[in-house]
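K.L.:
If you count the sequence shown from 1, position 142 lands on 142 in full-length UniProt numbering, and the numbers rise without skipping.
In short, the hints are calculated from the structure, not lab data.
Hints may contain errors.
Pairwise CB distance ranges (calculated) [unchecked claim]: (1) GLU136 with ALA275: 45 to 55 Å; (2) HIS245 with HIS163: 15 to 25 Å; (3) ARG168 with ASP15: 30 to 40 Å; (4) VAL271 with LEU181: 19 to 29 Å; (5) ARG93 with ASN46: 33 to 43 Å; (6) HIS97 with ASP7: 11 to 21 Å; (7) ASP59 with LYS266: 37 to 47 Å.
All of these numbers come straight from a predicted model, not from anything done at the bench.
Just so it is clear, CB atoms sit at the ideal spot from N, CA and C, and this is done for glycine as well.
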Amino acid sequence: MKHWQIDQLPWDSFDPSKVDPELLKSVKAASVVERNSVDYAIYLNNVFHDDPDFKQAADDWAKEEIQHGDALGRWAMLADPEWDYQAAFQRYRDFYHINLDVDQSVRGSRTGELIARCMVETGTSSFYTALADATEEPVLKALCKQIAADEFRHFKLFYDHMHRYLARENISTFQRLRIALGRVTESEDDELASAYHTTNDPVGMPYDHNRCIANYMARAMRSYQPKHLKRVTGMVFKTIGLTPHSKIQDLAFWGTEKLFFNRQKKFARMVGLPAS
1 MKHWQIDQLP
11 WDSFDPSKVD
21 PELLKSVKAA
31 SVVERNSVDY
41 AIYLNNVFHD
51 DPDFKQAADD
61 WAKEEIQHGD
71 ALGRWAMLAD
81 PEWDYQAAFQ
91 RYRDFYHINL
101 DVDQSVRGSR
111 TGELIARCMV
121 ETGTSSFYTA
131 LADATEEPVL
141 KALCKQIAAD
151 EFRHFKLFYD
161 HMHRYLAREN
171 ISTFQRLRIA
181 LGRVTESEDD
191 ELASAYHTTN
201 DPVGMPYDHN
211 RCIANYMARA
221 MRSYQPKHLK
231 RVTGMVFKTI
241 GLTPHSKIQD
251 LAFWGTEKLF
261 FNRQKKFARM
271 VGLPAS
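My request is simple: use the sequences and hints to build the entire structure.
P.N.:
Encoded structure:
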C-alpha cells in the first residue's frame, strides 16, 4: 500500500487560533525524535547484520519515521513561525547520541531488541492517538491520525519479527515482561529530555535532565485518556505473551491508570502546569 505524502495533508486548513501552546512544545520535541530514526536504523542494521529481510524492513521503517518528523516540524513552524525545525534538529543531533558501534542488541538478544521496539511503537501509537483526540487544530489532528496508524502498523512489523526470533531464542514470559517494563521506564531517560531541551529551551540555557523530562512529560501525558491506556496495556500483554482483554489485563490497567495520572500530576506540579 502506497504511503501517504506530507503534501497530501490539509495544510490550507491550518487554524492558528486552535494551536495549544503547550501541545506545541510536545510536538517540537517529538519532531526531532522521529527524525532521528536514521540512527536507530543504523543500530538495527548492525544488530541484525545477517538478516536481509529485517534490515530492509528497518530501512523502510526509518524512512516513514523521518517523514513523521518532517511533517511535525512543518506543522510546528506554521504554529510558531520563529521556530526553525532544521536548526533544532541539528542542535538535537549535536547534543544527543546513541551508541552505533555495536553488533549485538543492548537487550541481550534479538528477541529482546524486538520486544523493546514493540514497546516504543506502543508508546508512540498511543501518544499520537491521544494527541489527535486532544487537539482542535485540524491539520495537527489529521497528521497525528496518520502517524498513529503508521505506528500501529510498525508495532505489528516488529511483533511479527519478534515471533520469528522467539521461536529460535525461547525467551520466557517473565524475561519478556522484564525487557518490556525496562524499556517503558527508559521513557524518562535523556532521549526525550534532550529533545525538549534542544527544541524549546533558549540556546545557551544549561541542560537539566530533571527539569526537561518534567516539562516534556507534563505536556505529553496530559493528552491521554483512560481509553488510550487501556489499549496500551493490551498491546503490552500481547507482546509479552499474556492474554489481552482478560481479568489480569483489567487489573494491570487499573494499576497503570493510577500510576500514569499520578505521575502526570507530579510532573505538572514540578513545572507549574495544571494537571490533566
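K.L.:
For every hint, state whether the structure bears it out.
P.N.:
Now for the hints, and whether the structure bears them out:
1. For GLU136 paired with ALA275, a C-beta distance near 20 Å fails the hint of 45 to 55 Å.
2. HIS245 and HIS163 have their C-beta atoms about 19 Å apart, which keeps the hinted 15 to 25 Å range intact.
3. Checked against the hint of 30 to 40 Å, the pair ARG168 and ASP15 fails, with Cβ atoms roughly 51 Å apart.
4. Checking the proposed 19 to 29 Å range against VAL271 and LEU181 shows it holds: the Cβ atoms sit about 26 Å from each other.
5. Taking the beta carbon of each, ARG93 and ASN46 are about 19 Å apart, not inside 33 to 43 Å as hinted.
6. In this structure, HIS97 and ASP7 break the distance hint of 11 to 21 Å, their C-beta atoms being roughly 32 Å apart.
7. A C-beta distance of roughly 39 Å is found between ASP59 and LYS266, which places it inside the suggested range of 37 to 47 Å.
In this structure, the hints that do not hold are numbers 1, 3, 5, 6, in rising order.
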